[in-house]
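Colleague: One letter stands for each residue in the lines below.
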Amino acid sequence: MILQPEASFPARPVFRTEGVTRVYRTGAVEVRALRGIDLSLREGEMVVLLGASGSGKSTLLNILGGLDRPTEGRVFFRDTELTHATEAELTAYRRAHVGFVFQFYNLVPSLTARENVALVTEIAARPMPPEEALERVGLGPRMNHFPAELSGGEQQRVAIARAIAKRPDVLLCDEPTGALDIATGAQVLEALHSVNRDLGTATVLITHNAVIQRIAHRVVVLADGRIVRDEPVTDRLQPAELTW
Amino acid sequence: MVRALDRKLLRDLRRIWAQALAIALVLGCGIMVLVGAQATLRTLDGTLAAYYDRTRFAEVFSTLKRAPRGVLDDVALIDGVAQVEGRIATLALVQVPGMAVPATGQVISHASEGAVLNLPVLRRGRMPLPDRLDEVALSEPFAEAHGLIPGTQLRVILGGQSRELTVTGWVLSPEFVYALGPGSVMPDDRRFGILFMPEPAVAAAMDMTGAVNQISLRLMREADPRAVAIALDRLLAPYGGTGAHDRERQQSHAFMTSEMHQLSAMSTYAPPVFLLVSAFLVNMVLGRLIALERPQIGLLKAVGYSTREIAWHYLKLALLIGAIGIAAGWAAGFWMADAMIDLYAEYFRFPFVRRAANPSALVTSAALGLGVAVLGGGRTVWQSVRLPAAEAMRPPAPASFSRGVLDRALDRLALRQTSVMILRSILRWPGRAAITLFGVSASVAVLVMSYFMFDSAQLLGASVFGAANRQDLTLALSEPEGEEALLAARSLPGVVKVEPGYAIPARLVNGAAERLGAVQAHWEGATLARLVDDHGAEVALPPHGLVLPEMLARALDVGPGSWLEVELLAPPRETLRLPVTAVFAQGMGQEAHIAAPALFAALRSVPQVSQLHLSLDAAQRGALDARLGSLPAVAGLIDWVEVERQFQTLLRENLLTMVTIYTAIGMMIAVGVIYNAAQILLSERSYELATLRVLGFSRREVAYVLVGEMMMLTFVAIPLGWLAGTWLAQGLVHAVSSDIIQLPLAITRRTYALAGIAAAVAAFGSVQVVRRRLDRIDLVSALKSRE
Numbered sequence: 001m002i003l004q005p006e007a008s009f010p011a012r013p014v015f016r017t018e019g020v021t022r023v024y025r026t027g028a029v030e031v032r033a034l035r036g037i038d039l040s041l042r043e044g045e046m047v048v049l050l051g052a053s054g055s056g057k058s059t060l061l062n063i064l065g066g067l068d069r070p071t072e073g074r075v076f077f078r079d080t081e082l083t084h085a086t087e088a089e090l091t092a093y094r095r096a097h098v099g100f101v102f103q104f105y106n107l108v109p110s111l112t113a114r115e116n117v118a119l120v121t122e123i124a125a126r127p128m129p130p131e132e133a134l135e136r137v138g139l140g141p142r143m144n145h146f147p148a149e150l151s152g153g154e155q156q157r158v159a160i161a162r163a164i165a166k167r168p169d170v171l172l173c174d175e176p177t178g179a180l181d182i183a184t185g186a187q188v189l190e191a192l193h194s195v196n197r198d199l200g201t202a203t204v205l206i207t208h209n210a211v212i213q214r215i216a217h218r219v220v221v222l223a224d225g226r227i228v229r230d231e232p233v234t235d236r237l238q239p240a241e242l243t244w
Numbered sequence: 001m002v003r004a005l006d007r008k009l010l011r012d013l014r015r016i017w018a019q020a021l022a023i024a025l026v027l028g029c030g031i032m033v034l035v036g037a038q039a040t041l042r043t044l045d046g047t048l049a050a051y052y053d054r055t056r057f058a059e060v061f062s063t064l065k066r067a068p069r070g071v072l073d074d075v076a077l078i079d080g081v082a083q084v085e086g087r088i089a090t091l092a093l094v095q096v097p098g099m100a101v102p103a104t105g106q107v108i109s110h111a112s113e114g115a116v117l118n119l120p121v122l123r124r125g126r127m128p129l130p131d132r133l134d135e136v137a138l139s140e141p142f143a144e145a146h147g148l149i150p151g152t153q154l155r156v157i158l159g160g161q162s163r164e165l166t167v168t169g170w171v172l173s174p175e176f177v178y179a180l181g182p183g184s185v186m187p188d189d190r191r192f193g194i195l196f197m198p199e200p201a202v203a204a205a206m207d208m209t210g211a212v213n214q215i216s217l218r219l220m221r222e223a224d225p226r227a228v229a230i231a232l233d234r235l236l237a238p239y240g241g242t243g244a245h246d247r248e249r250q251q252s253h254a255f256m257t258s259e260m261h262q263l264s265a266m267s268t269y270a271p272p273v274f275l276l277v278s279a280f281l282v283n284m285v286l287g288r289l290i291a292l293e294r295p296q297i298g299l300l301k302a303v304g305y306s307t308r309e310i311a312w313h314y315l316k317l318a319l320l321i322g323a324i325g326i327a328a329g330w331a332a333g334f335w336m337a338d339a340m341i342d343l344y345a346e347y348f349r350f351p352f353v354r355r356a357a358n359p360s361a362l363v364t365s366a367a368l369g370l371g372v373a374v375l376g377g378g379r380t381v382w383q384s385v386r387l388p389a390a391e392a393m394r395p396p397a398p399a400s401f402s403r404g405v406l407d408r409a410l411d412r413l414a415l416r417q418t419s420v421m422i423l424r425s426i427l428r429w430p431g432r433a434a435i436t437l438f439g440v441s442a443s444v445a446v447l448v449m450s451y452f453m454f455d456s457a458q459l460l461g462a463s464v465f466g467a468a469n470r471q472d473l474t475l476a477l478s479e480p481e482g483e484e485a486l487l488a489a490r491s492l493p494g495v496v497k498v499e500p501g502y503a504i505p506a507r508l509v510n511g512a513a514e515r516l517g518a519v520q521a522h523w524e525g526a527t528l529a530r531l532v533d534d535h536g537a538e539v540a541l542p543p544h545g546l547v548l549p550e551m552l553a554r555a556l557d558v559g560p561g562s563w564l565e566v567e568l569l570a571p572p573r574e575t576l577r578l579p580v581t582a583v584f585a586q587g588m589g590q591e592a593h594i595a596a597p598a599l600f601a602a603l604r605s606v607p608q609v610s611q612l613h614l615s616l617d618a619a620q621r622g623a624l625d626a627r628l629g630s631l632p633a634v635a636g637l638i639d640w641v642e643v644e645r646q647f648q649t650l651l652r653e654n655l656l657t658m659v660t661i662y663t664a665i666g667m668m669i670a671v672g673v674i675y676n677a678a679q680i681l682l683s684e685r686s687y688e689l690a691t692l693r694v695l696g697f698s699r700r701e702v703a704y705v706l707v708g709e710m711m712m713l714t715f716v717a718i719p720l721g722w723l724a725g726t727w728l729a730q731g732l733v734h735a736v737s738s739d740i741i742q743l744p745l746a747i748t749r750r751t752y753a754l755a756g757i758a759a760a761v762a763a764f765g766s767v768q769v770v771r772r773r774l775d776r777i778d779l780v781s782a783l784k785s786r787e
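Chains A and B, in that order, are what the protein sequence lines are. Take the first sequence: its letter number 207 is residue 207 in the working numbering, and every next letter is one higher. Take the second sequence: its letter number 483 is residue 483 in the working numbering, and every next letter is one higher.
Isolated chain B, as found in the complex (with noise of 0.2 Å):
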């Protein structure tokens, strides 16, 4: 049988519900936001690991000139190697039916024995035949995209010949879960796809038999991957070695690691700010409800029920509105972490999801949700139920006012009545002002949070598309050439203008300090590809020495003034002495930029290019497209305008969705607090108001006195929470910074506005639901019922 107090419990909550699932809708964002960020992060976790282990994907790369197969045997009694797999891999271009440009391809050669390491999955068909040279498998997103089935025909482009290949089928590799090709800023599976070939029809177009150039270690347990890239190094060092690197530089890997930086860092920064406001608002609903049942506390008090039981009572209404916040959030977090991973798998491609729960993140949310309502009701549950029986019967001492020196100045302000009455409510409650005040700008700092990401990805293709890469086209050069290139592209149909660009890989060297990058030269007058900070302006190369970004600068502990040792990883394979000049901030990038004629003097040598940036007539695209197909001595080509078309679209697409999401869930924080504030303040004042109508103020007069006290704390909060926004965009930066990327901390004034906004509409919307009520007010029992 139910106790009679419990029954009065579910009653009291039925009568509060909207109240209560306020409440419970704020915690349970919170909680959604952990369960969800979390769960996510495990699927890809778990996912992640199951798949790098059933592929065996290697710990250690290299990627060298050539080198022969028996330095393979080397490679495997370097300390603490398990596995050692060499293959050759190259670019390609491949000429895609329907697309004028061709496409770009990343060929790898596939070992007639199959692979030790790296396993491609095979997703359709079949894997080429050893002996069968004009057999090609498809990276599966690429060959989806173009509808190559197993059967279809394809030219490529390979070592400077056009060959005519079969596709056998579809694949996919745990090196390219992320697949960006070169020079992209994000995955395009349209125009980058991996090719996959037998190991004797790669060896034969590249004349690379017997010979490999890159090479994939999977380690011992125990073993230090820093260790053996060293040995590695030293090891493929005559072989024309560009420098060993971790699972941390794999590309692929890196990205992933990046994402679940960011969605980690998500899921420890927003939830604690539902959590408090949760609190904060069961402090208040409840202490409301425990100020009206004054009476019936004295009354339970008077029949013989003890202070303690009393207080569990009421606690456990406390625990009830938790409870239903755990099982939305949980329920919600499900929801958000199946969507992410449907978002995720767009872009990441893995052949199998294991989706998994967090159960730490269940448990530790249900910790905190429960730990929220008995820290919200505790303090008031407690002072209330201790009054003594009597005292408790009688009604509380009504509010009383005094004139103060605030009251001086409203009265030189000849305010109206009504406003005073604001006024006076917000001065002599300061304590819930305050709650109201810190739950909108919990609200509004969320969504700066959230908003702010888009401001970063935004001012990044401003910076990318609009300041650093002006060009229409970028032709990616199978070798250097020298300046005569730029009068052989300047005269393929429709170019307008040709600009050099030379980039060579290298380690930079600070004493113990090192990091693996690429020295990249920038010529003067440059209107195409340009050197721009991640506010898009320009970068002004001194005449010497190198200037690097402030992370590398960073990490290799290194500032104007310092030397660098530069090793050249590629021919001509000289260890230079470089000066930094300068530094500058950009986000993103491993490079150091030099002037182009400092360069070639510390190296002695003519110009050189290695990169072609090309202004286009637009006219005449078709007849260069033609011509790009047949071009030798180019391995690769970035269509900037295409590239930026899709970045657009992509943060357009995710755009709609997350702001959606985001402003859904920052919203609900002003719901819940202004909501609750507003009923509170009508439960409390309905007499008062109901009193005014009387007096012959209109419904509207009346509603001012309710809806402009809410509207005004409300425009008092929006720039504290602009305020507490930055800071935690500040924090989230911090947070999701790796050494590789840094997000740049640019708030626009969009996203202030925007998010003034949406709290200020989410913040009048709620008060209006309560200005409902207040409208429906029967004057004549509202003036007999005093409280």
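Just chain A, same shape as in the assembly (with noise of 0.2 Å):
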């Protein structure tokens, strides 16, 4: 099944980034992730971030999500400029507009699957009840169990419902699927496909699985901090039709 292509999307873009540079130091070593990245990010629009290890794929994506800042160059989140935000801007901004979902799920082994979602929709602004975010990944039935009770799939799923339940503006996830067997990756893509096609969340994926690529709308490879390919995916599937 082909799904929309890229073209359908407004031209707002929520993300912008005009020659993104991000240079790291270690004692005398000097690292150059990222040489100067040009990427827009449009409403509703969900991107897929392929590369290999040490592409520099995590570096932007952290840039995007406001946990780092580029060495050089301007990131905008629609017309606020990142770049030089204060530490208290970016935990605001991450606060109201962001969710991340990791590789390790990152959920609080103390919380039940609904206290880690209640965890951010306690400080969001307009959040949905965690119950129907975690209905919304499958996770009704399992919401009162802890973490170590829980699959790993169930786990990113949680992570999911949890990123989503305050309605952010995007949806950062770093390799989601990492971790998991193609089974439970599959059911994980399914939530993220599902939160962007019903919420219209702007969604970027970042992974080294070319195969994931086709549940995208649009694909950017990179390398060696550079930005290689980026184009529309035009034969998109449903991530149950993916193999890996």
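Be aware that one or more of the hints could be misleading.
[Claimed, not checked] Pairwise CB distance ranges (calculated):
| id | chain 1 | residue 1 | chain 2 | residue 2 | range |
| --- | --- | --- | --- | --- | --- |
| 1 | B | P388 | A | H208 | 34 to 42 Å |
| 2 | A | V31 | B | D411 | 42 to 50 Å |
| 3 | A | R126 | B | G431 | 37 to 45 Å |
| 4 | B | R772 | A | H208 | 32 to 40 Å |
| 5 | A | T86 | B | F764 | 20 to 28 Å |
[What the hints assert, rightly or not] Chain A residues, not near chain B, derived (Cβ > 10 Å throughout):
| id | residue |
| --- | --- |
| 6 | R32 |
| 7 | G36 |
| 8 | T80 |
| 9 | E131 |
| 10 | G140 |
| 11 | S151 |
| 12 | D169 |
| 13 | A183 |
| 14 | T184 |
| 15 | E231 |
Hints listed in this document are in silico derivations from the structure and should not be mistaken for laboratory results. Note that the structure is predicted; figures quoted are calculated from it, not measured. Virtual Cβ for every residue (Gly too), placed ideally from N, Cα, C.
Put the two chains together into one complex, using the hints given.
Modeller: Here it is in structure tokens:
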């Protein structure tokens, strides 16, 4: 089944970067993680960032998520420039606009699934009820379980529920299926996919698994800190149709 | 060459230096108190022994009315007596330039051929020449306080006559290490001094030529002081002996012994608290370090290190921390001993101080310090290193949580999730929470125990000055007089009110139990000098019979309804049989109290007075002071306003120093515990806390999880500490109580409040140090590194 192509998105970008460069210095060693990234991401769009380990995709995601700042260049979230935002401003930005999903779920072990979601809804401006977020990822019946009592896939879906419960403007996912087998990975991708489709949340998904690009509207390939390919996906698939 | 494993040891120690230091300091505090108090005791003990030995301080003392010198030969024949000294002692008023009210002087005759016992130590100038009747040597503190250098003239009223004396020298006496004037509650170098005068001069003034009124003895090694005292009493009874006593009841010696008792009790009660807390801390920190190093332990095993070698490696780390604590404790202990001895030197006047360490305290403290390390580290180390290599190299299983009854209760409370995290963390690791609770409550307990001693002193002050002695001035008469003395006193300038007082030395006997003390008569309706208990409440005197302080009643094994034999040791020297009608709570005092009419009825005499308690008009104080110096009947006086001022000054000055030291020591425990607990919490949960930051929690909100847990435990621990502190204070009271002094157990709200606040501040400060580290966490790298 072929899904809608990129052309149907409104022109207004959620993210815009201009010549973003990130240099890490550890002692005498200088690592250029990003070398002049120009990228924009539109409302409702799902973009897959593809690249080998060390290509700079996580660094880019961290900068977009307000966890890191560029060494050079500028970053905009809608009309707000994040480049020189203070620590407190970045915290407020993450709190209001960004949902994160990590490879290792990052759940609080002492809180149940519902409580992990409530952790975020308690500090959000217009959240959905934690129960609704968990229903959305198919975990309604398991919401009173602690992370240690859930499978990897379930834990990741809790993480997704936690990320979407605050109705974020963007969802940033760093290797969300990296630690999962195919079947579980597909379930997680399905959850992300439906969030993007039903809520219209702009989504950036990092992976080194090329197969996954086919669920996105657009794929951006990084190598050695540069964008080497940026093109729409014309033959989109449902997550369940993926095989790897 | 340093082995690789030892190098790792040093690097590990460097990595956890702050935590190791916090533990070492807590341990060090305990060792400091132990070593410091023991060295102080040893120094006081050694100094006193040497001082007594050199000056031939007597072992049995007796005061009598008057006996011919010849009686000394009979005394020497008593079984067990080695040396005898007879002398004349009396009180005098000393007019010191610049002081309106005369000071009280204890005059002691100095034998022409030199004293045999209780030798004064010359500090400056020379002793008076035997044939110079106008020469005097003064006790050093008194002379120093007034700048009475040799050559200065001094006016003294002795035996009712005023005479001009020349100061020849300054001396110290083993009898007055702690020099308390008659009726005083603490030494006052300005108002009380010792005057050594040639015997002929004192004898002439007192009309005592060829006679003595004080006899002291030194005994043979195996002699029983009690038996000798009884024999001496029998011998001296015809001469108006007021009862012989041994050193234990010699005022100066008794006060020092009591002080040393307190010190000894402190060194017994405080250190175990510190040692126990240190052991728990070693356990906690080493446990965490080993948890972090599990893969390394596996690796070491994989390459062939034995379990024993690895265990020894980690145990060495614990021992190293112990060794640092021991070294710090020793150093601080020596410092503390020096400081305390300097402090004591202000009240205890020694001609020299023989500073001594206490080697057995050093050995004991070292053994305890290392024992703490082994006790604290041993179990954790052994359990962890016994894991098979393969298992050790795998990360430990994540903490599992499950929902229980408590969780349903939590749901109902509808707490914020960060608060739920705090509660679950405490419930999930109850052992660690218990250590934190124990540590903080120990801190509070030590503070309560330390501050409580000031409460006792203040209570005592309030009782002595506020309730018992409201008079401005007490005049001690040289001889009891009839009640007409009241009228004479009333006519003195500025006297607003006069009340009578009467005390007579007595031996109180109940079968085999007996005590040397006094009987004090009280007049009905007295408002100035009253009989009060430890809490300042007035004790009502029944119309008949004796009222005894608890301690005295216990020592004599009597209670209300019992009968006592009261052997009066001053004229009329009768033996009365009186009922005990009541017992009241009073920590100090060896006096039996009785209503004046009851006493004088038993004596079949008209009422007499030996003390006059005066209430004064402050405006006319000058005129009164001018008259006091020339009243022959007055042997001594107590200026209560001045005594109270001095007491308060003393308390204030000591308070500042001691409160500072105690607070620092007490807070150290809370710092050590909370710093380590918070550090471990951060180390275990930095990943989780960094995740919260990523999710958009502010620094303050994330810090709440850390600070909240620590402060919640602290606030639970504080009331526990109050309980434990009260219990420790009870133990301390019990330990320092002798049959002469018993501290009242009174802990004020202020003490509880201060102890709680100090511990809370220490905890909050420590957790803030760790919080700063949390604030600086680099989010990106924290997310990357999973344990």
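Colleague: Going back to the hint list, which numbers does this structure go against?
Modeller: none
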